[in-house]
Amino acid sequence: MVSRITDDYARMATAGCVAVTEPAFWAGFDRSSAAGFHDYFRQLTESEPRRAAAYGIAHHAWICINPKEAEDHGFAREVMSMIPEFLSRPNVLGVGEIGLNRNSKTELTVFEEHLEIAAQHNSLVLIHTPHLEDKLKGTRLILDAIAAHGKINPARILVDHVEEHTVRMVLDRGMWAGMTLYPDTKCTAARAVDIMEMHGTERIWMNSAGDWGHSDPLAVPKAVVTMRARGHTAADIHKISFGNPLAFLSQSGNFSVNAPRPTIA
Amino acid sequence: MTTPEGKPPLDRKTLIDLGFIDARAKVLDIAAFLDRLDRASGADAPADFRVDAIRSALEIARDASPARAERILKCWSDPTTQPVAHADGKAARGAHPPHTS
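For the protein sequence lines, the chains are A and B, in the order given. Counted from 1, the first sequence has number 206 at position 206 by the numbering used here; the numbering is strictly sequential. Counted from 1, the second sequence has number 27 at position 27 by the numbering used here; the numbering is strictly sequential.
Hints are computed from structural coordinates only; laboratory data are not their basis. None of the values given here were measured: they were computed from a predicted structure. Wrong hints could be hidden among the right ones.
Distance condition first, Cα-Cα at most 30 Å in a straight line; then the derived BS3-like pairs of lysine-lysine [what the hints assert, rightly or not]:
#, chain 1, residue 1, chain 2, residue 2
1, B, 90, B, 74
2, A, 222, B, 13
3, A, 151, A, 222
4, B, 26, B, 13
5, A, 68, B, 90
6, B, 26, B, 7
7, B, 90, B, 7
8, A, 222, B, 26
9, B, 74, A, 68
10, B, 13, A, 105
11, A, 105, A, 151
12, B, 7, A, 222
13, A, 222, B, 74
14, A, 105, B, 74
15, B, 90, B, 13
16, B, 26, B, 90
17, A, 105, A, 68
For each label pair, taking beta carbons as the anchor points, the in silico distance ranges come out as [claimed, not checked]:
#, chain 1, residue 1, chain 2, residue 2, range
18, B, 39, A, 10, 41 to 49 Å
19, B, 63, A, 214, 45 to 53 Å
20, A, 183, B, 93, 52 to 60 Å
Note that the Cβ used here is the ideal one computed from N, Cα and C, for glycine as well.
Please model the entire structure based on the sequences and the hints provided.
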């Protein structure tokens, strides 16, 4: 939410949102120093929780160097060395969003090193799967790397941005599958509901994207409207939009749906 | 929510009533996009793999077999299995160029 206006928090609160989780992400440009990441991690763990709390929303973060900035291995390692310092912050849920972007060898190495950090700190893991034509190959590489690493319980891993051609392989490995709703790329609400109809409601959820690109923080509430129109029960809607995220995220002792008392910076 | 067959809660007629106008608009948008390309200068340039990908997807969409969305996504996907030596830029293009497979 660092790239969104405060009014988005107001709209989300109005729509019933009580908590958000914000992955460390690419800023739209490459940071020029590891110190830039340190400042960004402070923003995710200090200022953004305050901004969300003003609207009664509990803010949580995931810490990593996003695969889009992982092509320089030395730089990535410098950033990764700062991760443990932030994993102990009270709003941090784990390591993420890690994964692959263009499926390069260096991205894969950095991903494996992130997995090891998560294993050493017993952290939850949030995984970004690549975009568009790179998603199928990248998801396979990611799942194989997790299996080869073998130190993290699959039930503590969320593989995000699944679509029709990747959801089954994620669920079959015992991991959680996230369907990120976007206006153009990834899943639309209609397709996400199709996927749930075909693959069930166990270990699967939808999430809104609130990044600097074309995205809609209210995508999940709008998808709930789609589910109602398509005849789904209130119990199933609650499970997908609240119960499942709560079950996965509560594996971190830092997750709460109760926002801290608002404070002034 | 899910039946063993993956059937949606609503019947076919109701789903058509709900979704036809939206699907109709999207089909027209694709047709208009292709018409726009035909009207544009540069029509004698080599074929663009992205436009070819859309035409391939349309063939899948109109066939009678199930899992059309999944098959279209696979049709557009990079078919290789090994990591690339270096990232070729940050952005994916939406379909895989056939000559790089």
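Each hint tested on the structure:
About 21 Å separates the Cα atoms of residue 90 of chain B and residue 74 of chain B, which keeps this hinted pair within 30 Å; it holds. Restraint check for residue 222 of chain A and residue 13 of chain B: satisfied, since their Cα atoms lie roughly 23 Å apart, inside the 30 Å limit. Restraint check: the Cα-Cα separation between residue 151 of chain A and residue 222 of chain A comes to about 38 Å, which exceeds 30 Å; the hinted pair is violated. Of the supplied pair hints, the one linking residue 26 of chain B and residue 13 of chain B holds, its CA atoms being roughly 20 Å apart against a limit of 30 Å.
Straight-line distance between C-alpha atoms of residue 68 of chain A and residue 90 of chain B comes to about 6 Å, which keeps the hinted pair within the 30 Å bound. Our distance criterion of 30 Å between C-alpha atoms is met by residue 26 of chain B and residue 7 of chain B, whose separation comes to about 24 Å. Restraint check for residue 90 of chain B and residue 7 of chain B: not satisfied, since their Cα atoms lie roughly 38 Å apart, outside the 30 Å limit. This hinted pair checks out: residue 222 of chain A and residue 26 of chain B have alpha carbons roughly 19 Å apart, not beyond 30 Å.
The suggested pairing of residue 74 of chain B with residue 68 of chain A holds, with an alpha-carbon distance near 23 Å, which does not exceed 30 Å. Straight-line distance between C-alpha atoms of residue 13 of chain B and residue 105 of chain A comes to about 49 Å, which puts the hinted pair past the 30 Å bound. With a C-alpha separation of about 21 Å, the suggested pairing of residue 105 of chain A with residue 151 of chain A holds against the 30 Å cut-off. Using a Cα cut-off of 30 Å, the hinted pair residue 7 of chain B and residue 222 of chain A holds, with the two alpha carbons roughly 22 Å apart.
Straight-line distance between C-alpha atoms of residue 222 of chain A and residue 74 of chain B comes to about 28 Å, which keeps the hinted pair within the 30 Å bound. Proposed proximity of residue 105 of chain A and residue 74 of chain B is supported: the alpha carbons are some 22 Å apart, at most 30 Å. Straight-line distance between C-alpha atoms of residue 90 of chain B and residue 13 of chain B comes to about 43 Å, which puts the hinted pair past the 30 Å bound. For the hint pairing residue 26 of chain B with residue 90 of chain B, the CA-to-CA distance comes to about 29 Å; that is within 30 Å, so the pair holds.
With a C-alpha separation of about 13 Å, the suggested pairing of residue 105 of chain A with residue 68 of chain A holds against the 30 Å cut-off. For residue 39 of chain B paired with residue 10 of chain A, a C-beta distance near 44 Å keeps the hint of 41 to 49 Å intact. Remark: the range hint 45 to 53 Å for residue 63 of chain B to residue 214 of chain A is contradicted by a beta-carbon distance near 31 Å. Our hint of 52 to 60 Å for residue 183 of chain A and residue 93 of chain B is violated, since their Cβ atoms are close to 18 Å apart.
Hints 3, 7, 10, 15, 19 and 20, counting from the list given before, are not met by this structure.
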